[in-house]
Structures are given as C-alpha cells and as structure tokens.
Amino acid sequence: MASIKKRGNSWQVRVSWFDDDNKRHFKNKSFKLKAEAEKFANENEYLKDRGFASVDSKTPFPDYFWSWFTTYKEDNVTERTKLTYKQVYHALQNYLPRTPIEELDRRKYRKFIAQFGKQHAKSTVSKFNSLIHACVKDALYDGDINKDFVEGTDLVYDKKRTRCVDYLSIQDMEKLCSYLIESLNHHFTAKYMILTALYTGARLGEIQALTWKDINFNFKTITINKAWHETDHQFKDTKNESSKRIIRVNQNLLDILKELKPNKTEMVFENQYKTIPTSSAVNKTLRECLTDCSINRQGFHFHSLRHTHVAYLLANHVELYIIAKRLGHSDITTTSRVYSYLIDEYKVQSDNQIESILNKIHKKKVKTMNSKSIQN
1 MASIKKRGNS
11 WQVRVSWFDD
21 DNKRHFKNKS
31 FKLKAEAEKF
41 ANENEYLKDR
51 GFASVDSKTP
61 FPDYFWSWFT
71 TYKEDNVTER
81 TKLTYKQVYH
91 ALQNYLPRTP
101 IEELDRRKYR
111 KFIAQFGKQH
121 AKSTVSKFNS
131 LIHACVKDAL
141 YDGDINKDFV
151 EGTDLVYDKK
161 RTRCVDYLSI
171 QDMEKLCSYL
181 IESLNHHFTA
191 KYMILTALYT
201 GARLGEIQAL
211 TWKDINFNFK
221 TITINKAWHE
231 TDHQFKDTKN
241 ESSKRIIRVN
251 QNLLDILKEL
261 KPNKTEMVFE
271 NQYKTIPTSS
281 AVNKTLRECL
291 TDCSINRQGF
301 HFHSLRHTHV
311 AYLLANHVEL
321 YIIAKRLGHS
331 DITTTSRVYS
341 YLIDEYKVQS
351 DNQIESILNK
361 IHKKKVKTMN
371 SKSIQN
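If you read the sequence shown in the UniProt record's numbering, its first letter stands for residue 1, the second for the next number, and so on.
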C-alpha cells in the first residue's frame, strides 16, 4: 500500500512493491499539494494491480505510454479510440522498444517520427503525435522528465497515402437533397438520416441515437449527448466529452423530421421493422441515391456527408471556430488538421476576395483626387 504523510510544507508519498525475487522496493516522492500526492499514490497502486511494479523516468517509453493510458484515459474513451491508443503503443514498441522516457530528446523523437511517417498518411502521423504529446505533457507535470521533447516536432508523412477529404460540390449537394426530399417514406428512415447528416454534420452513431427528447422544435436545436452501438443495440457514450453539444438546425430539417412522428417510436429513426438502420444499410441507400442522381463518386460514404456539411459552411464563410463547435471538436486544431485541404481550397477564394477589396482602396483614392482636381 502507498502511504501519504505531511512533512513540513510538502506531502510525501511512499510506494512499495515486491519484485520477482520477492524483494521489497520503495519509492518516495514529494508534492506541494495533497491532491497531487493522492493522484500519484493511486496511479502507482493501479499500475501494480495491472502488473506494473512502478512507472518512473527509467521506464521504457512504450510501457510508460501504456500505463499512462490505462491510468488516465482508458475509462473515458470509446472502444474505437482504445484501439488507436493500442496502435500507438505497438508503434512505440516497434521503434523505441527499450528506450527509457528520460533518455528521449527532440532528436530521437524526430527520428522516430521520420521513420514511422514514411509508411503512414498525414492524418495517422498527426493523430499519433498528438496522443504521444499528451502523455509527455503529463510526464513533465509529474516530474518524470524535465523537457517536452515532442513540442515543435515537424511531421513527416507519406504524401501518396494522404487522402483529401471527400465531399460533394454545392450543386451535387443540392441535387441530392432535392432527390431525397422528393422520395421520402416515413416507413424507411435511412434517407431521413442522410438528410440529417447533410444539415447537421453529425456522425452516424450520433444520428442513430437521436430520440424525440433530443429535438427542441421551439428553439430549433438538436442535443447530441450519446451515440448508438449497432451490435449491442443500445446507447453508448459519445466519441469524447467535447462531442456532447447542442446545435442549431434549420426549420426545413425540423419539418422533414416531423414526418417521422406518426411512427410513434421513442427513437427518431426507428423504422417499420423496429430497428435503427445500420451503417451498411444507410451506406447502401446513399450509394443508390447518388446513382439515381447521376453523381459518380467512388468511395463516397456516410461520413463524407459530414465533410460535405463542412465544405458548405466554409464556402459560405462560416468561421472555423463555429464549425469546430458544431462538429463537436474540442478546439479548432482538430478541425484544421482534418479539413486542411478544404481550408486551403477556400483560402484561395478568400485571398482573391481580399485582393479585390484591397484594390478598391486605391480606386477610391484616385476617384477622390480626381474630384478635387476638377473642383480646383
């Protein structure tokens, strides 16, 4: 058991454990705040239960990362996100298997990113780097290292593997919307889900989980606070805490959703078979609709509707911060990373607009000067 004692102006933690030879070891550490001492003690007890004797600056970085994940992150992330952490752990095992965290510096970490990035897309490298950085920041806070060796690292990635986000043009988006609205049948809810994605940018699981209680027809809002587990047929938590949000929607979408009221179900998109359309079902419907609209987009899927929503907002000059909040991103960093291609595309349009605006300054000046000359 870990013990915590007040000594002077600090709190001292003593952790003990037995090695494979049944020899007892001790580790002492001091903290200014009792809460920090308790956090450290609980972390080490938790790690002992999971097979780790103790984690400190001499721990190989892959093991340090995994213990950090199991202690601070595992209980608050989805199964899909857990898989990503596991992939990061395996990558660290492959490239830095025995390197203690205290021996890592910017040069060694940059070498790891360069080797790993050669075989992976930009989005993968960026995601892995952000998760590792979160771990390193906590290690710095806990006093296990004295420098952040991840900060400022330039990412290396395989450009051939990096795909641009797929989205519909405004013309194709309008064509698809018109087709969907004209062919709706409240017994079959997949088309309603597609329209909801186009109008909200919400994820499939978030849309599947919507209940009538989540829709406020008076204030024109939809509350997103859960997702849907297709296999277990029950609610699950959202992708992360920032995914919980309330978004404003237009009257047109609300009128469309009202058509589903006669189904008399708690779940908005429960169909005549008393089930929620699966990912496979809605993607099949989406492909059929695109074909009927003569829109040829290979690889376009339900999540691409989210990208289309973002593209439409960017085209109409909606601020990136507002888009990030609407999508459920914790900050604009994620939005900028995922939609960098789109942002660059619309930056060209904005640059042209800026150039046109700036040109007007000189024209107005010339016009004013000419007017004065005539008067004189």
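Keep in mind that the hints were calculated from the coordinates and are not lab data.
Warning: the hint list may mix true and false statements.
As the list claims (entries may be wrong) - Calculated cross-link-like contacts (lysine-lysine; reagent style DSS-like; alpha-carbon spacing at most 30 Å): (1) Lys-73 x Lys-236; (2) Lys-137 x Lys-159; (3) Lys-264 x Lys-274; (4) Lys-29 x Lys-58; (5) Lys-360 x Lys-325; (6) Lys-239 x Lys-360; (7) Lys-82 x Lys-160; (8) Lys-108 x Lys-137; (9) Lys-220 x Lys-160; (10) Lys-159 x Lys-220; (11) Lys-5 x Lys-32; (12) Lys-226 x Lys-159; (13) Lys-147 x Lys-175; (14) Lys-220 x Lys-137; (15) Lys-236 x Lys-325; (16) Lys-39 x Lys-118; (17) Lys-175 x Lys-137.
What the hints assert, rightly or not - The following label-pair restraints were derived from C-beta to C-beta distances: (18) Ser-279 x Asn-185: 41 to 47 Å; (19) Ile-322 x Asn-218: 20 to 26 Å; (20) Gln-119 x Lys-147: 26 to 32 Å; (21) Lys-236 x Arg-337: 56 to 62 Å; (22) Asn-146 x Glu-79: 44 to 50 Å; (23) Ser-242 x Ser-178: 31 to 37 Å.
It should be emphasised that the depicted structure is a prediction, and the values quoted were computed from it without experimental measurement.
Using N, Cα and C, we set each Cβ at its ideal position, and we do this for glycine too.
Here is what the structure says about each hint:
1. Lys-73 x Lys-236: Holds - the C-alpha atoms of Lys-236 and Lys-73 are around 17 Å apart, at most 30 Å.
2. Lys-137 x Lys-159: At roughly 29 Å apart (the allowed maximum being 30 Å), Lys-159 and Lys-137 satisfy the hint.
3. Lys-264 x Lys-274: 11 Å, holds
4. Lys-29 x Lys-58: 15 Å, holds
5. Lys-360 x Lys-325: Violated - the C-alpha atoms of Lys-325 and Lys-360 are around 35 Å apart, more than 30 Å.
6. Lys-239 x Lys-360: 47 Å, violated
7. Lys-82 x Lys-160: 27 Å, holds
8. Lys-108 x Lys-137: 17 Å, holds
9. Lys-220 x Lys-160: 43 Å, violated
10. Lys-159 x Lys-220: At roughly 42 Å apart (the allowed maximum being 30 Å), Lys-220 and Lys-159 break the hint.
11. Lys-5 x Lys-32: 12 Å, holds
12. Lys-226 x Lys-159: Since the Cα atoms of Lys-226 and Lys-159 sit roughly 35 Å apart, the hinted pair is violated (cutoff 30 Å).
13. Lys-147 x Lys-175: Violated, at roughly 54 Å.
14. Lys-220 x Lys-137: At roughly 40 Å apart (the allowed maximum being 30 Å), Lys-137 and Lys-220 break the hint.
15. Lys-236 x Lys-325: It holds: about 21 Å lies between the C-alpha atoms, which stays within 30 Å.
16. Lys-39 x Lys-118: This hinted pair is violated, its Cα atoms lying about 38 Å apart.
17. Lys-175 x Lys-137: Violated: Lys-175 and Lys-137 sit about 48 Å apart, past 30 Å.
18. Ser-279 x Asn-185: 41 to 47 Å: 20 Å, violated
19. Ile-322 x Asn-218: 20 to 26 Å: Roughly 22 Å apart at Cβ, these two residues keep to the hinted range, so it holds.
20. Gln-119 x Lys-147: 26 to 32 Å: 28 Å, holds
21. Lys-236 x Arg-337: 56 to 62 Å: With a Cβ separation near 25 Å, Lys-236 and Arg-337 fall outside 56 to 62 Å, so the hint is violated.
22. Asn-146 x Glu-79: 44 to 50 Å: 35 Å, violated
23. Ser-242 x Ser-178: 31 to 37 Å: Check passed, 33 Å falls within 31 to 37 Å.
Checked against the numbered hints listed earlier, the structure breaks hints 5, 6, 9, 10, 12, 13, 14, 16, 17, 18, 21, 22; every other hint is satisfied.
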